[in-house]
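*Asks:* Each chain, letter by letter, is given below.
Protein chains: 2
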Amino acid sequence: MNENIEQKIPTYDDVLAAHERIKPYVHKTPIFTSQYFNKLSGAELFFKCENLQKAGVFKARGASNAVFGLSEEQAKKGVATHSSGNHGLSLSYAAGRRGIPATVVMPRTAPEAKKDAVRAYGANIVECEPSTSSREETFARVVASTGADFVHPYNDARVIAGQGTCAKEIYEDLGEFDILLAPIGGGGMISGSCLTLSNISPRTKIYAAEPEQADDAYRSLKAGHIIADDAPVTIADGLKVPLKNLTWHFVSNFVSDILLASEEEIIEAMYLIWQRMKIVVEPSSAITLAVILKNKHLFANKRVGVILTGGNVDLKKLPWM
Amino acid sequence: MNENIEQKIPTYDDVLAAHERIKPYVHKTPIFTSQYFNKLSGAELFFKCENLQKAGVFKARGASNAVFGLSEEQAKKGVATHSSGNHGLSLSYAAGRRGIPATVVMPRTAPEAKKDAVRAYGANIVECEPSTSSREETFARVVASTGADFVHPYNDARVIAGQGTCAKEIYEDLGEFDILLAPIGGGGMISGSCLTLSNISPRTKIYAAEPEQADDAYRSLKAGHIIADDAPVTIADGLKVPLKNLTWHFVSNFVSDILLASEEEIIEAMYLIWQRMKIVVEPSSAITLAVILKNKHLFANKRVGVILTGGNVDLKKLPWM
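The listed protein sequences correspond, in order, to chains A and B.
If you count by the numbering used here, then the first sequence holds residues -6 to 314, one letter each, in order.
If you count by the numbering used here, then the second sequence holds residues -6 to 314, one letter each, in order.
Worth flagging that the hints you see were computed from the coordinates, not collected in a lab.
Hints are supplied without guarantee of correctness; some may be wrong.
[Unchecked claim] Restraint ranges, calculated between C-beta atoms of paired labels, are given here: (1) A:Y29 / B:D223: 36 to 42 Å; (2) B:D223 / A:P100: 52 to 58 Å; (3) B:D250 / A:P100: 37 to 43 Å; (4) A:G92 / B:G92: 54 to 60 Å; (5) A:Y264 / B:E129: 48 to 54 Å.
[Stated by the list, open to error] DSBU-like, lysine-lysine: derived pairs with alpha carbons at most 30 Å apart: (6) B:K310 / A:K309; (7) A:K108 / B:K32; (8) A:K309 / B:K70; (9) B:K287 / A:K309; (10) A:K310 / B:K69; (11) A:K309 / A:K295; (12) A:K16 / A:K70; (13) A:K309 / B:K16; (14) A:K32 / B:K16; (15) A:K16 / B:K70; (16) B:K69 / B:K108; (17) A:K108 / A:K215; (18) A:K70 / B:K32; (19) A:K233 / A:K107; (20) B:K70 / B:K16; (21) A:K21 / B:K295.
A quick note: this is a predicted structure, and the numbers were derived from the prediction, not measured.
Ideal placement from N, C-alpha and C gives every residue a C-beta, glycine not left out.
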């Protein structure tokens, strides 16, 4: 399978270039504060609302950077990825904005709502069986027949540089801050944040939040090498995927610690955010508040940038119902 | 029952004074746009997010204006109101910020969650039977024993002037715009909007949105006098109350039309806003989008300020579940 990944480690110049490139296509999302959560946590929290981002998720940044960085020649052949989630949606969005073909390989069992959302952005869906072998085989066929550029959900220098624009905006809005906290799945957002902050604010500590039930990054960090789980089960469905070499580079070098939360704690934090902040966030976003409330000693009296990564949930299946 | 209402019609100077007075206690809420809803409606929509206001609702403006405008002497005796909804919450919030007593008369049958929210702001709840006579009797007793100032939910010059600060902020952010659209219940927000816009942007048309099942303001406007229904039933529970003399003054003089939406249309619009804008809004807010989508010819190619009035919903009882 030709994954066509750009394996070079991105630099902060790549983040700067990405920010210029994607500005017309993504929001500079607002930062919300909440007296209630400040009081509850003892910290000063600044919530970066990437749930209000295009496509409802920060991944619009990385996908737009990849898509708008393509040569005219490559752009004509389009882009492709395999993802039934936020990356597929974001790549479809970005390709739609550039007006180039996008193909998303999705298991035929993926929810119709997700397929509809991808199609609504004008992308082409190729269905596979819900197995890794079928996905890889199908994807290889798509790339061979179209010549499409593979944009990996996170292990791609262009994607990491794109995600790095989020921490850059936080720094521009807040000035100095003590801690950045973001969820970790494959590590794209955390890696982009490490890339940016290690360059412009090396004193800012970086923490990641991960579900107890998908704690492969936590165990990787403790072990000193990548540990990948086969099929973790968690409500935070954006956080199931394992680290890969590029994201491991950033996590292993720049992340102070990975903090875990139970399914119950994630759901409770999600409910609290909806109730008090009046915004729709995914479980994968709410895990940040969950680990803050669980580790108050780490955050007390600190200025903390908290990335609420996305808001794409099935409103008809809420976990507290 | 000594309602102690300030019956004078407020002026735009009162709005200006209110804005200065309440600025430290309320948010200047953001205005969100949505390419999706612009495309769907053919209009250019600017959503003023009062769901992100203190206490989760625009009523924090009027309540803060009333509370912070009291003399020291009156402030010591506190404020009182009868409301099991957003006004009770907002008055409790404002009184809590000033550190003065607030009493809210609520039916003993009101949801515990609402009572808890009022108590969390430090207000005192006096329960009554769920009937108008018990409410009035109980309320009169509270006022007699405490000397508290009655702050009516909407038929109060101080409250109307406070709500008028919202349209002022929209105008300051947008400059000229063609239409202002807000929901109508008792008419406090609409009246404040009329007061402000008739002074600073008389060319801006004002439309109100009302549930078909609680269409007393609509029928009042057609009839040329106030019609009050006894106990309308609608999911938009903020919009059940009738117009009163002060709000009728503004509605009858400045509102171009009142547009109706069915319960189903309100619920569908609410779902769409949550899904696409990733924000939590009440049915009473979502009715604005419902009437836009139902009356596209009125809004097409216009710059429309849309007030999303509040976000206080029971997350465990969503109408599409």
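*Asks:* Any hints this thing doesn't respect? Which numbers, in order?
*Replies:* Hints 3, 5, 8, 10, 11, 13, 15 and 17 are the ones this structure does not satisfy, whereas the remaining hints hold.
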